[in-house]
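S.K.: Chain by chain, the residues:
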Amino acid sequence: MLRIFKKILTTGIVTERISMRSHAEHGNEDELEALGIQIKRHIDKRFSGSIAIRQVDAGSCNGCELEIHALNNPFYDIERFGVHFVASPRHADVLLVTGPVSRHMQTALLRTYEATPNPKWVVAAGDCAACGGEFGVSYASCGAVSNVIPVDAVIPGCPPTPVALMKGLLGLMTVEK
Amino acid sequence: MSSSNWTADFLSRISADIRVDCIDVPSITLWQIESRTWRRFAELAQQQNLRWAAGWAEQLDKQFFVNSCFEKQGGYVLLRTIIDETNPELPSQATVYPAANRSERHTQDMFGIRFIGHPDNRRWTRHQAWIENNYPLRKDFPVQGAPVGITAPDMHYPFIKSHGAGVYEIPVGPVHAGIIEPGHFRFQAVGELILNLEERLGYVHKGIEKIAEGRTPESLAKLAGRVSGDTTVGHCWAACMAMEQAAGVEIPPRAALIRGILAERERVANHMGDIGAICNDVAFVFAQMQFTRLRELWLRTNATVFGHRLLMDRIVPGGVDCDLPDASCRLIKKEIAELRTELTEVILAMDLNSSLEDRLYTAGFLSEQTAAAFGAVGYVGRASGQDRDVRRDAPYAPYDRVTVKVALENQGDIASRVWIRYKEIRTALRLIENFIDKLATGELRSEWRTPEAGSEGLGIVEGWRGEIISHIRFDADNKIARFYPRDPSQLNWPALEKLVLNNIVPDFPVCNKSLNGSYSGNDL
Numbered sequence: 001m002l003r004i005f006k007k008i009l010t011t012g013i014v015t016e017r018i019s020m021r022s023h024a025e026h027g028n029e030d031e032l033e034a035l036g037i038q039i040k041r042h043i044d045k046r047f048s049g050s051i052a053i054r055q056v057d058a059g060s061c062n063g064c065e066l067e068i069h070a071l072n073n074p075f076y077d078i079e080r081f082g083v084h085f086v087a088s089p090r091h092a093d094v095l096l097v098t099g100p101v102s103r104h105m106q107t108a109l110l111r112t113y114e115a116t117p118n119p120k121w122v123v124a125a126g127d128c129a130a131c132g133g134e135f136g137v138s139y140a141s142c143g144a145v146s147n148v149i150p151v152d153a154v155i156p157g158c159p160p161t162p163v164a165l166m167k168g169l170l171g172l173m174t175v176e177k
Numbered sequence: 001m002s003s004s005n006w007t008a009d010f011l012s013r014i015s016a017d018i019r020v021d022c023i024d025v026p027s028i029t030l031w032q033i034e035s036r037t038w039r040r041f042a043e044l045a046q047q048q049n050l051r052w053a054a055g056w057a058e059q060l061d062k063q064f065f066v067n068s069c070f071e072k073q074g075g076y077v078l079l080r081t082i083i084d085e086t087n088p089e090l091p092s093q094a095t096v097y098p099a100a101n102r103s104e105r106h107t108q109d110m111f112g113i114r115f116i117g118h119p120d121n122r123r124w125t126r127h128q129a130w131i132e133n134n135y136p137l138r139k140d141f142p143v144q145g146a147p148v149g150i151t152a153p154d155m156h157y158p159f160i161k162s163h164g165a166g167v168y169e170i171p172v173g174p175v176h177a178g179i180i181e182p183g184h185f186r187f188q189a190v191g192e193l194i195l196n197l198e199e200r201l202g203y204v205h206k207g208i209e210k211i212a213e214g215r216t217p218e219s220l221a222k223l224a225g226r227v228s229g230d231t232t233v234g235h236c237w238a239a240c241m242a243m244e245q246a247a248g249v250e251i252p253p254r255a256a257l258i259r260g261i262l263a264e265r266e267r268v269a270n271h272m273g274d275i276g277a278i279c280n281d282v283a284f285v286f287a288q289m290q291f292t293r294l295r296e297l298w299l300r301t302n303a304t305v306f307g308h309r310l311l312m313d314r315i316v317p318g319g320v321d322c323d324l325p326d327a328s329c330r331l332i333k334k335e336i337a338e339l340r341t342e343l344t345e346v347i348l349a350m351d352l353n354s355s356l357e358d359r360l361y362t363a364g365f366l367s368e369q370t371a372a373a374f375g376a377v378g379y380v381g382r383a384s385g386q387d388r389d390v391r392r393d394a395p396y397a398p399y400d401r402v403t404v405k406v407a408l409e410n411q412g413d414i415a416s417r418v419w420i421r422y423k424e425i426r427t428a429l430r431l432i433e434n435f436i437d438k439l440a441t442g443e444l445r446s447e448w449r450t451p452e453a454g455s456e457g458l459g460i461v462e463g464w465r466g467e468i469i470s471h472i473r474f475d476a477d478n479k480i481a482r483f484y485p486r487d488p489s490q491l492n493w494p495a496l497e498k499l500v501l502n503n504i505v506p507d508f509p510v511c512n513k514s515l516n517g518s519y520s521g522n523d524l
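Top line first, the protein sequences correspond to chains A and B.
The numbering of the first sequence is the numbering used here, which starts it at 1 and goes up by one.
The numbering of the second sequence is the numbering used here, which starts it at 1 and goes up by one.
If we strip away everything but chain B, and leave its shape as in the complex, we get (with noise of 0.2 Å):
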């Protein structure tokens, strides 16, 4: 991922300020600076207009390297400081970068680091499956942890209160009412009408990123496809890529394209779900049920060309586990000119119905100004115009050799994220037939290389949610060391909490499906 022109110019401004030392990585722009400035760069990042992207940190020996990763035009810059075991701290971002905010305290329960500063700094990931000073990612901390019987709830959380007249709190999940992910909200309202919501998350951690230590590539890619399941190729292919990266391999242009058809199927797949549910959320069930009838006959297509209906494993370290047929090249085009007159039947149902434009106009509404502040990515963004898309600002194998048209819309509200879905929807459809076109002969997969002990990737797609980012280091003898995915989720997920501001309690299932943000993604 090369960064485009802006690096040198923000580093000649900020060079009075900050030392920073380019430090020399395949594939990745690395900035390493003294932990003490680590704030004082998140301040002129951001009057650069730099995006925060991604944070992270890796124990190795006895320093731990915080990292964090920031976006302009394309061009991605992965900052690093090293501070030492025995005083673990440094200032935080997040009092600049409101989407730092998790991640720093994520960082801060798992690895035991302090960010001075922090605007928040309550536990995030942590409830009560390990205890207080006990942090899991360090190296010394046994994966198997030191577990009691029955894990406790966690009953003390310190949740944010209100007070008054006719204030009320209503607290929901962790177990949910529908088919859903477990996470708890928690409601302060008046009457029917939101005052506040706050989101704790945290529920569905399983531990992915200490699992993930000592795996061998292709173990990581199963573990990688299984971060989120509604996310299988995305994940993976952003944690092959980074693998990739670090062993020097480079995938067959076939292998490539048959990746770009795998992750826009599931775009695709995930969209029309999703347009259907949020039209079941208000009680419009033809859409509904038109779309999930698409979405099981889309989803037949994958298991018999590709073996799996949400395509699980199909992409491995080196390239791809899966061929493309003539005959399944054909069988996906046909299949793609029966959908398109499909949705345009079905979307014009839709556009022109009162009791839809009623429910989803104008509600569940999220500024261009608040979505920037949390750096919100995928269709989130894009419908709060916020310009944004991996696969046209650092286009990576095989969308360097098509023009990817990137919907945008403003308005901000439910509606809007429903046509961005539908024009996405429309855009992947055209994608894939171009791949298709330019498929030749040749390689599935390449050999792999043993990477060097120490050596790193950087692997940024755009999955159907938004931009993934994934971070991989080796150890010795083709094992992993730190594997960690930035699911589009975490970024999004403070959104909903200001989205939902100022609209109805009934309305929250259907603000919530319109972001739809990964649990499983968001807690790891």
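Bound-form chain A, shown alone (with noise of 0.2 Å):
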């Protein structure tokens, strides 16, 4: 148990601030200071604080569920803007949808879509997601997740890095639905 303590204090706290200092191709430091700022307060007032998402992959290669997955590491720790992952679409604000929707996904997504009560946001997230990607339109896939449900935002990247998707999300909420 020591160990686990020492551990965890010589680790110290690792969050970062939403600064672009290590990712400097990602953009401009102040402006996604001040999104950041400006988004928490919509999320305070429209959603009392916080809002839940509900992540469906609809057929990606699981490369963009592994920097979704980083979302919630402690140096993005997404959680402390009030943005957190749920179990259950009825639970959701927010699908965050990635992967060219697969045929065989499209139904599953319908259903989750309907599942989700409104009002309802939906991110098409990845290139897949956005345009398809490299799978495109075939006797498989559908394509883009706009050919299935209604999008509200797309976060381009392939995948894109958890950076881009807090932009993304973020960015989403100062949409007037």
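Quick caveat, the hints were computed from the structure, so don't treat them as lab data.
Where a beta carbon is used, it is the ideal one built from N, C-alpha and C, also for glycine.
It is possible that part of the hints are untrue.
[What the hints assert, rightly or not] Some chain A residues flagged as far from chain B (calculated, every beta-carbon gap over 10 Å):
1. 40
2. 44
3. 45
4. 80
5. 88
6. 120
[As the list claims (entries may be wrong)] In silico lysine to aspartate or glutamate, DMTMM-like type, Cα no more than 25 Å apart, as pairs:
7. A/7 - B/335
8. B/222 - B/358
9. A/7 - B/342
10. A/7 - B/351
11. A/6 - B/443
12. A/7 - B/357
13. A/7 - B/443
14. A/6 - B/357
If you follow the hints, you should be able to join the two separate chains into one complex; please do so.
M.R.: Written out as structure tokens, the structure reads:
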């Protein structure tokens, strides 16, 4: 037990401000700080301080899932903005959908969408979800998520980095619906 | 991939029974037999302890080539038979090798080839996206198919039923509770005890084999890198290796070393993620937080050094699309030294924890016999005594220049699969250092040569999940005629159905995570 406490104490808090210092290619630091604060206000006002996301893999290669997982690691710790992932669409405000929609997942995605209470938002994360990506439309794939359910925001990238995901999610909250 | 000494001996043993034609193909040991002896060969192969490693088919004009890949002591043999389009059937090998079961069902769904005597010929990959008696991988099937507006759910798949007092069913998925890929699990349970588990996969089938046809080598490498996102380096490497064999292209030594570094970095990243996730599934959040932190640092170095966190599209036909300057080498070595210290601290804290011990030891037990019967590969096989690693048994550049120490356990439980991963991280760190030390200035990419129409290659690499086999055949004009990637998950998924038996339903997530099969790599 002492080892655990020692490791926790020496590790300290690694959670970062949403700054772009280590990933300069992603954009302007001040802009994101400002966005973060603005978004938190929106979440506070419209969602009583938190939004619930249900992630749906509709046919991805699992690359996007790895980066979505990373949002919960101690560096990004997305929960501090009031954003958390839930186990059921019934609890969700937002569906975060990845992958081209495989035809075998089409009904499952539609049912998940129907199960999500209004008002709801859909975010298509990753190039495949945005436009079909490497897989496109075929006998087995419906392509982009917007071919199956209405999409409110798109986060491109193959896969989108955690910072890109965060930016996309937070940006969604400023969209009037 | 040269086969070792057993092939000549094996051929002489079976010559009385079966006529085998050895076909001359560069870099592949290719044996062709008559279709009616397909199962007989499997029986003889099993008697000689050959492992069934992969199975797939191809269509060439009016004929089907049916292929199986066997391995023993690091020697791979490609077995082929040719059957006519008018009567596409042959005896099943799945009665002899359970590992061939789902593979043959996939071939049956995609080509309409019947495997006579198959123990379970229900459809597998096909749900409702195309109708019965249509076969997507036949050349006359258009890539767009004939989809209806909304593909119906696969309601009437005949699951195994169980009856009796107190027995109930739990259907799970395809949409799961976590951030995870889709698939369906059907449990039969009594109280909390799992009596039977049946997997129903195929939900993320997105036609990878079909849309590969007609691509250029570059474009195919990109697609291969998305067979399973967590194995992007492994699959891309296997596909490029197959294409390079077909084209007779040899990659420069520097490119081979960088490929090795990429592959080992992918292994370390995934193993760290998995160990954390397994601990998280038994509510030991400390390890989850530590390992996701270490993984994040590791991925950031990937981004800094190679320009992509998951290392996608760094391997290209003929070599690599990234270099490793001295400054980066120093950065990587420094990071490895730090990681070793951190790992030791975290692992010691884990090792002495009684709640982890309570949940991980003896849970999810996979016996050596079951692992061998399913031909389980990678850490799943190696935690159950299956001493196999392509890097050591059939070394390819750059592994032919180093000694790979293969971790082996025979406890077969979840704890075993955690320890194997930990040992593999340690080995991988050493390998990365070795490869960096061997780096000499040189080319990063060989010039591509357009392969002859019909030429083929078989790429076999040890991905982080285990052995990956990738088969490629070229058409004229540098175009791909056939691409079949066999992800290690295809062999490991059936083992999950067995290792959860007699565990409790609430332990299913941790059992599943300890195996961590790729849904995408399985469904294609």
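S.K.: What hint numbers does the structure not satisfy?
M.R.: Violated: hints 5, 8, 11 and 13.
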